[in-house]
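*Asks:* Chains A and B supply the protein sequences, listed in that same order. Using our numbering, you'd call the opening residue of the first sequence number 2 and step up by one each time. Using our numbering, you'd call the opening residue of the second sequence number 20 and step up by one each time.
These are calculated hints, taken from the structure and not from any lab test. One or more hints might be untrue.
As the list claims (entries may be wrong) - Think about it this way: if two alpha-carbon atoms lie no more than 27 angstroms apart in a straight line, the pair counts; the simulated DSS-like pairs of lysine-lysine are:
#1 K84(B) - K48(B)
#2 K293(A) - K48(B)
#3 K27(B) - K293(A)
What the hints assert, rightly or not - Facing chain B, from chain A, some residues (calculated, C-beta under 8 angstroms):
#4 A60
#5 G108
#6 F285
#7 T298
Said to hold, decoys possible - These stretches of chain A come out as covered by chain B in the derived footprint (C-beta under 8 angstroms, 3 or more residues):
#8 25–31
#9 72–80
#10 92–104
#11 167–179
Quantities reported herein were computed from a predicted structural model and do not represent experimental measurements. All C-beta atoms in this analysis are idealised placements derived from N, C-alpha and C, irrespective of residue type, glycine included.
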Amino acid sequence: MTPIISGLFVGVLFGFALQRGRFCMNSAFRDIILGRDFTLFKALSVAILVEMIGFSILAFTGTVTLAPKPLMWGANIVGGLIFGFGMVLAGGCASGITYRLGEGMMGALMAVLGFGLSAMMGATGVLNPILKSLQNTKIMTADDKPLTLANMVGVDLKIAMLVLAILIIVIWAVLALRNKSAEKSYGEKAKSFGEAVFKKGWKWLPTGIVVGLIGMLSFPLSAAAGRNYPLGITGGWVNIFQSLIKWQTLVDDKLKISALNWEGAEVLGIVLGALVAALIAREFAIRAPEPKILLQTFVGGLLMGFGAIVSGGCNIGHILSGVPQLSIGSIVGGLSIIAGGWTMAYFMFIRPMNS
Amino acid sequence: MADIIPTKTINECGKICPYPDVDTMTTLKKMKKGEFLEVLIDYPLSVERIPRSAEKQGHKVLSVKQVNGPTHSILIEVLGNK
Chain A
2 MTPIISGLFV GVLFGFALQR GRFCMNSAFR DIILGRDFTL FKALSVAILV
52 EMIGFSILAF TGTVTLAPKP LMWGANIVGG LIFGFGMVLA GGCASGITYR
102 LGEGMMGALM AVLGFGLSAM MGATGVLNPI LKSLQNTKIM TADDKPLTLA
152 NMVGVDLKIA MLVLAILIIV IWAVLALRNK SAEKSYGEKA KSFGEAVFKK
202 GWKWLPTGIV VGLIGMLSFP LSAAAGRNYP LGITGGWVNI FQSLIKWQTL
252 VDDKLKISAL NWEGAEVLGI VLGALVAALI AREFAIRAPE PKILLQTFVG
302 GLLMGFGAIV SGGCNIGHIL SGVPQLSIGS IVGGLSIIAG GWTMAYFMFI
352 RPMNS
Chain B
20 MADIIPTKTI NECGKICPYP DVDTMTTLKK MKKGEFLEVL IDYPLSVERI
70 PRSAEKQGHK VLSVKQVNGP THSILIEVLG NK
């Protein structure tokens, strides 16, 4: 499989699952403090647990080499906070705005434009020096490996991932059995399995499992294309924007789209997969909020793009792909994204609502 | 149930996350017990989340219907805030 086909394949599956599961981390974190709704947070937790076990098995069988991101605390914290502020303004995380573009939401399109532009400027352009100085806060282990929860306590990473995941699942299961509460669903019930998959929104448990399995599938496929890491978003948009800029050269080059890499193809696939999912479920429509909000999502996108590049990952690179590998950098980056998101959500929604 | 005429209808179509939810909750807070609120909404995540939040606040969700494309109509009976 060429990198483009392989990336598109994973992306389409991911985009389909994101749209059906309404999987967005901006909502997952914000809903905890706004309305005490844990539905999406539970879906995310399941996805991370499935990946911890999945990545561990892939590492045990020698299919992949684990690749936790290094800790650069200054960059992880500052970038994560900026990303967190941005995602609340943008109305979605990196994966959220990407799949909602496939639903036809123009607010998401503006956010994606801002996100790609500033990420590209951070990665290669004028914002690059700021990034370099923040990333000087890198801390590695004595033998120059990225810090993980495992090597901090001297355990093998894949064993630690497996044991920790099983431990969390057991505790969660015990707690869940104790406070059993039936989940209510509203509206018409699905009449068949096909309708449940293609027409109705997925519940948190299947959403988490499917997203986790796609994350697991992405790792060896991406590695085969020379990018040894599971799902990502930021690098993909940077790649797409750079390819667009080089469009003329590509045309002159008789459209050999060699500029598009695995992650770029994966991100295009997400938009495509979400579009297909939304069309089948009759949830697609081109729609736009008022101009003021369009500007707000664009600014949010700008902050997110810069934050993700500084932090060394967005919510997908850090939280969905890095946290399961127990990377300290990703844990610090992820917690900073949550802290930034909560701060912004407090001032934008919670305080005005209570006054 | 088809006979219920909403006391108030809010159109949340096109709005981004989480404005539809915030608007619905603040509108519900201002309404009186026994009144009916209809929310028109085309954002899938909120179509599923608004009924959950409304019931958590002590209101009753009477129906969630897909009316046209992604647009749904959610009918809520105001029962006071828990």
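*Asks:* Could you run down the list of hints and mark each one as holding or not?
*Replies:* To see whether the hints hold, each was checked on the structure:
Restraint check for K84(B) and K48(B): the C-alpha separation of about 23 angstroms stays at or below 27 angstroms, so the hint holds. Taking the CA atoms of K293(A) and K48(B), the gap is near 26 angstroms; set against the 27 angstroms cutoff, the hint holds. Restraint check for K27(B) and K293(A): satisfied, since their Cα atoms lie roughly 25 angstroms apart, inside the 27 angstroms limit. Of the supplied interface hints, the one on A60(A) is violated, with its beta-carbon coming no nearer than about 34 angstroms to a beta-carbon of chain B, more than 8 angstroms.
Evaluation of the G108(A) hint against chain B yields a held restraint, the C-beta minimum of about 4 angstroms falling below 8 angstroms. Restraint check, F285(A) versus chain B: the minimum CB separation of about 7 angstroms is within 8 angstroms; hint holds. A distance limit of 8 angstroms between C-beta atoms decides the matter here; for T298(A) the minimum to chain B is near 6 angstroms, and the interface restraint holds. Judged by the Cβ-Cβ criterion of 8 angstroms, the region 25–31 of chain A is covered by chain B as claimed, because 4 of its residues qualify and three suffice.
Remark: the region 72–80 of chain A is not confirmed as covered by chain B, as 0 of its residues place a Cβ nearer than 8 angstroms to a Cβ of that chain, below the required three. Evaluation of the coverage hint for the region 92–104 of chain A: fulfilled, as 4 residues show C-beta separations to chain B shorter than 8 angstroms, against a requirement of three. Residues of the region 167–179 of chain A with a Cβ under 8 angstroms from some Cβ of chain B number 0, which does not satisfy the need for three, so the listed coverage is violated.
Hint violations for this structure: numbers 4, 9 and 11, all remaining hints satisfied.
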